[in-house]
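Single-letter residue listing:
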Amino acid sequence: QKEVEQNSGPLSVPEGAIASLNCTYSDRGSQSFFWYRQYSGKSPELIMFIYSNGDKEDGRFTAQLNKASQYVSLLIRDSQPSDSATYLCAATRFNKFYFGSGTKLNVKP
Amino acid sequence: GAVVSQHPSWVICKSGTSVKIECRSLDFQATTMFWYRQFPKQSLMLMATSNEGSKATYEQGVEKDKFLINHASLTLSTLTVTSAHPEDSSFYICSARGGGPYNEQFFGPGTRLTVL
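Just so you know, the sequences run in chain order X and S. The working numbering puts the first residue of the first sequence at 75, with every later residue one more than the last. The working numbering puts the first residue of the second sequence at 45, with every later residue one more than the last.
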């Protein structure tokens, strides 16, 4: 079992819709969770992190964490074609950092 | 956010030669640096973790004699691909930790290596 699991997609949403990206993790001791965006041919870019149960909002992005269900999600409101990328979820425990394999998001104009 | 640079951004070399890639944290001291490799349309693969002043910890299956990592200071780590072969052609990305309060990793822009 992988430490962090993501559906590879692609997830296709129309422009202006809400994109919902999901991630599960296996280690209940995981402490912090991160969402990275990676455009094709580029390196990952940190979008958000969350470490407490509940929601955390930053502009069009909302990260949600449910530690009981070991579930992390990223909502992107008013999706734009420029949001089309692969989104990587990561979990940390002490000094170990575990990445999911990423979900490819396509936002269609 | 914290800034990490990599040099060179791309390199083409002949088979059998060695290539050195530098990773620098520009505005923070990186307690830990990571080296990843990514093949086209595949996910990140962690190669090794390095802490300043100590030997790197390599992931299973990564040859430490082929991928030499030096973390000489809190702002610089280098990866040397020795005796490169075409199968080593890949996108190499470093990241650094220490610039944020939650142990987040900040990635460099990556180095695209092509071995002819």
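Some hints here could point you the wrong way.
[Claimed, not checked] Looking from chain X toward chain S, a few residues come up when the C-beta cut is under 10 Å (computed): (1) 81; (2) 91; (3) 106; (4) 160; (5) 164; (6) 168; (7) 171; (8) 173.
Rather than coming from a laboratory, the hints here were simulated on the basis of the structure. Where a beta carbon is used, it is the ideal one built from N, C-alpha and C, also for glycine.
Min Cβ distance, residue 91 (chain X) to chain S: is it shorter than 10 Å?
25 Å, violated
Residue 171 (chain X) as an interface hint toward chain S, with CB separation required under 10 Å
6 Å, holds
Using the nearest Cβ pair, does residue 160 (chain X) come within less than 10 Å of chain S?
8 Å, holds
Interface restraint verdict for residue 164 (chain X) against chain S (beta-carbon cut-off 10 Å):
The hint holds - residue 164 (chain X) has a Cβ within 10 Å of chain S, the shortest such distance being about 8 Å.
Quick check on residue 173 (chain X) please, does its C-beta sit within 10 Å of some C-beta on chain S?
5 Å, holds
Should the hint that residue 168 (chain X) touches chain S count as held when the rule is a Cβ pair under 10 Å?
Holds, because the Cβ-Cβ distance from residue 168 (chain X) to chain S comes to roughly 9 Å (cut-off 10 Å).
A closest beta-carbon separation below 10 Å is what the hint needs, so does residue 81 (chain X) meet it against chain S?
13 Å, violated
How about residue 106 (chain X): closest beta carbon in chain S under 10 Å, or not?
At 5 Å from the nearest chain S Cβ, residue 106 (chain X) passes the 10 Å test, so the hint holds.
Hint compliance for this structure: hints 1, 2 are not met, and every other hint is.
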